[in-house]
Amino acid sequence: MMTAETGTYRWMAPELYSTVTLRQGEKKHYNNKVDVYSFGIVLWELLTNRMPFEGMSNLQAAYAAAFKMRPSLSEDIPPDLAFIVQSCWVEDANVRPSFSQIIRMLNTYLFTLLPPPPPPPEPAATVKEAVPCKAIITESSARAKGKFAFLRQFFTMKRTKTI
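Per the working numbering, the very first residue in the sequence shown carries number 959; after that it's consecutive.
In short, the hints are calculated from the structure, not lab data. Take every hint as true, because none was put in to throw you off.
Calculated lysine to any residue pairs in the SDA-like style (CA-CA distance at most 25 Å, straight line):
(1) 1026 to 997
(2) 991 to 1035
(3) 986 to 1027
(4) 991 to 1068
(5) 1026 to 1038
(6) 991 to 1012
(7) 1026 to 1045
(8) 991 to 1052
(9) 986 to 1057
(10) 991 to 1066
(11) 991 to 1053
(12) 1026 to 966
(13) 1026 to 1060
(14) 986 to 997
(15) 991 to 1057
Between beta-carbon pairs, the in silico distance windows are:
(16) 1007 to 1078: 37 to 43 Å
(17) 1009 to 1077: 44 to 50 Å
(18) 1041 to 1079: 37 to 43 Å
Backbone N, C-alpha and C fix where the C-beta goes; we use that ideal spot for every residue, glycine too.
Using the sequences provided together with the hints, build the complete structure.
Below, the structure is given as structure tokens:
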């Protein structure tokens, strides 16, 4: 559980600027959706190489976020990434995606960037030149075996000198 006593204005979720008056000593609690908002701002920053709410003071940046203003998305940001950014900084925290949903969206986007698989190799002229079938690494087989499968497969082949 988090409270509104930490954070940096330019990256803080708008709900942290609550205008609800609390009794002295009372704290409002938040969940990780405030971090999702901050992640969206950081992702925007990485995509644009600009500071959020550039040209504004910290107080102006806080005011802008609290009143539904967001940094502008340039036309050169791919639509899939723009959607992820915008879904992270949506006003209603309950509508923001979870981090597992964000990871799935980013993985889906990254998968679209992968080059198509290479064409199958030409048949080998001699048996000596043929590569054993188990030594061929495909992107899909490495992905199917999980994280770092490609590296494990590569080093296994290197030890057995099949590459």
